[in-house]
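A.B. asks: This is what each chain is made of:
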Amino acid sequence: MKTIIRFEHVSKVYGSENTEVRALSDVNLTVEAGEYCAIMGPSGSGKSTAMNVIGCLDRPTSGSYYLDGVDVAQLNDHELAHIRNRKIGFVFQQFHLLPQLSAMENVMLPMVYAGIPLPQRQQRATEALTRVGLANRLNNRPNQLSGGQQQRVAIARAIVNQPVLLLADEPTGALDSHTTQEVMAIFAELNASGITVVMVTHESEVARLTRRVVWFRDGQVIHPNLSPTDLAQVTVAAV
Amino acid sequence: MEILESVKMAVKTLTANKMRSTLTMLGIIIGNASVITMVGVGQGAQRYASDQFESLGPNVLFVIPGSSESRNRTLDAPRTLTLEDAKAIATQVPTVSGVAPQLQTQQAVVYSNRSTSALILGTTPDFSPVRTFDVAKGRFISDLDVQRGTRSVALGADLAKSLFGTSDPLGQTIRIKNISFQVIGIMEAKGAFLGNNQDDVAYIPLSTMSDQITGNTSPYGTEVTFISIAARDENSVGAAQFQITNLLRLRHKIVTDDDFTVRTQKDALEVVGNVAGALTIMLAAIAGISLFVGGIGIMNIMLVSVRERTQEIGLRKAIGASQDDILVQFIIEAIILAALGGAVGTLIGVGGVTLVSMVSPLKAGVSPAAVMIAVGVSSGIGLFFGVVPARQAAKLDPIVALRSA
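Residue numbers (the numbering used here), protein chains in the order written: chain A, 1 to 239; chain B, 1001 to 1405.
Just so you know, these hints were derived from the structure itself, not from any lab. Each residue gets a CB set at the ideal place from its N, CA and C atoms; glycine is no exception. Mixed in with the good hints there might be a few duds.
[What the hints assert, rightly or not] Taking CB as the label site, the calculated pair distances span:
(1) B:Gly1351 to A:Tyr14: 55 to 61 Å
(2) B:Leu1004 to A:Gly15: 49 to 55 Å
(3) B:Val1293 to A:Gln220: 53 to 59 Å
(4) B:Thr1022 to A:Ser227: 55 to 61 Å
(5) B:Thr1022 to A:Pro42: 45 to 51 Å
(6) B:Thr1015 to A:Gln122: 17 to 23 Å
[To be verified] Covered by chain A, per the in silico footprint, the following chain B stretches (three or more residues, Cβ under 8 Å):
(7) 1010-1020
(8) 1164-1171
(9) 1311-1317
Please construct the entire structure, taking both the sequences and the accompanying hints into account.
C.D. replies: Here's what the structure looks like:
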């Protein structure tokens, strides 16, 4: 099986010597292709930092990170941008759709940076939006869509460049429980079709819908491979 | 990313924020419009003054009292130029065909119950051919008038109208400084010369002027303000200038500094060219400053816009925009604002120049060079002032940008 994420002794240190904060401390972690996993942990546990490093938004201070076999620590800004564009699809808590663009145009944006010609962009954006159930909302602006719909546009934007990894940061944090179910169903469906999904969340109801939980605390992975059904005892232990 | 995509994206962003885009452009619009208008007006003024001197004819010379140096030093010009000098030039300089000494002062002119202030100009019959300025009706001052000091006056067209209205002034009596003058002629309309209306002037014999109006104020003889001279032809202007200078030096017993200046039409054109050129440069510089301020306005708004759009920038980076992509996007936005502002400003400037040439005698013209420079400079300004905000945007950390919600 192909390994998508491999952390080898990854540390991330913020600040200077005196005010040093070790956000990640000697983390080893592996995520295989096709996995559906949730990163959890109390605040300050390093899960967000881990997410930034996985998403190639930030580089580890020491250690190696291989994304789809490529050592990311060695890449310059331009190459990192390319990796983010081609290999990773981001979904954020705040959706981060551009208000002046239609749903279609928002989904086309990653393909613009990939240099894909317009007709192909339109076709693929339409397919992606159809896949998340928004075929009839192609030309709506974000402010004409509900929160759940906006997040679905963001998911369409994340998958449109066919990334190896779908990375979601608290994807349901801004949604009510009903739309949370809807969005989670889409993630499950995408995972079922073969996309690797990693999401950071603090909601155990959400984590329970994944297939593996990685538990962080104090910048370290405490439980690298927790079954979502065992989540309750960890949460209780953490409290 | 392709440049065309960047341009499309920039247009989309700018049109999404029309009010702000327009306000940002305003500085550049005003700057550009003022550069083009100012340069147009400056060049119009230059052309106007040149035309005026050109209209004198190429063989005209002027003798004015004071050297160009001494007139810089003293407020009051030395009263050394006399009627006798003019006569000597007329009789002793062979390359001269006409000499018209002038003595002038501003006085009240009265006819029956109407009164107006006008320039009184004492001169000789040569004034008419030298300045190519003839009577429309009646006659001009004759040699006999000058010899006898008659109280005869030829009225400028505007002066005749303001005193007499529609009735015929010929043979009527007017009063200048309470002395009666008989109207012998009406001049043809000549228009203004360097802003002085030559039609609002009363022309009287020089002798009458010095004896009865101004009084003899020079210790050297009958003082004159100014001598207009016509050389025989265009080619003898240089010789005439040389001969007049020598003659006057002899007559004034000058050893070191001249107390007079002989100017040719060419000299005058040169002076006008220099003055108007300096004026144009000054106007352009002032307008240029406003263009510069407009550029700073663009930078200011773009910096605010970077602040406001941190999330957008962060997102673009997360989905694959490189630093260069962001840099290019913001620079293109700035250039579009500046270039569009430049184009609108140019149109307004052209309109302004057209308006000036319609309502004033200045033949203001739009110089293609001014347009090209203004548009080029404003686009350059967009680039220059766009770089700082664009770099700031490009350097933005995507994590910080995305978390700033």
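A.B. asks: Does each hint hold? Answer for all of them.
C.D. replies: Hints, verified against the model:
1. Between glycine 1351 (chain B) and tyrosine 14 (chain A), the C-beta spacing of about 59 Å keeps the proposed range 55 to 61 Å intact.
2. Separated by about 43 Å at the C-beta atoms, leucine 1004 (chain B) and glycine 15 (chain A) break the suggested range of 49 to 55 Å.
3. The hinted window of 53 to 59 Å between valine 1293 (chain B) and glutamine 220 (chain A) holds, with their beta carbons roughly 57 Å apart.
4. Between threonine 1022 (chain B) and serine 227 (chain A) the Cβ separation comes to about 60 Å, which falls inside the hinted range of 55 to 61 Å.
5. Judged by the Cβ atoms, the range 45 to 51 Å given for threonine 1022 (chain B) and proline 42 (chain A) holds: they are separated by roughly 50 Å.
6. The hint said 17 to 23 Å for the Cβ distance between threonine 1015 (chain B) and glutamine 122 (chain A), and at roughly 21 Å that hint holds.
7. Under the rule that three or more residues need a Cβ within less than 8 Å of chain A, the assignment of the stretch 1010-1020 of chain B holds, with 3 such residues.
8. Coverage of the stretch 1164-1171 of chain B by chain A is violated. Counting CB-CB distances below 8 Å, 0 residues qualify, and the rule asks for three or more.
9. Only when three residues or more bring their CB closer than 8 Å to a CB of chain A does the claim for the stretch 1311-1317 of chain B stand; here the count is 6, and the claim holds.
Of the hints listed earlier, those the structure fails to meet are numbers 2, 8, in rising order.
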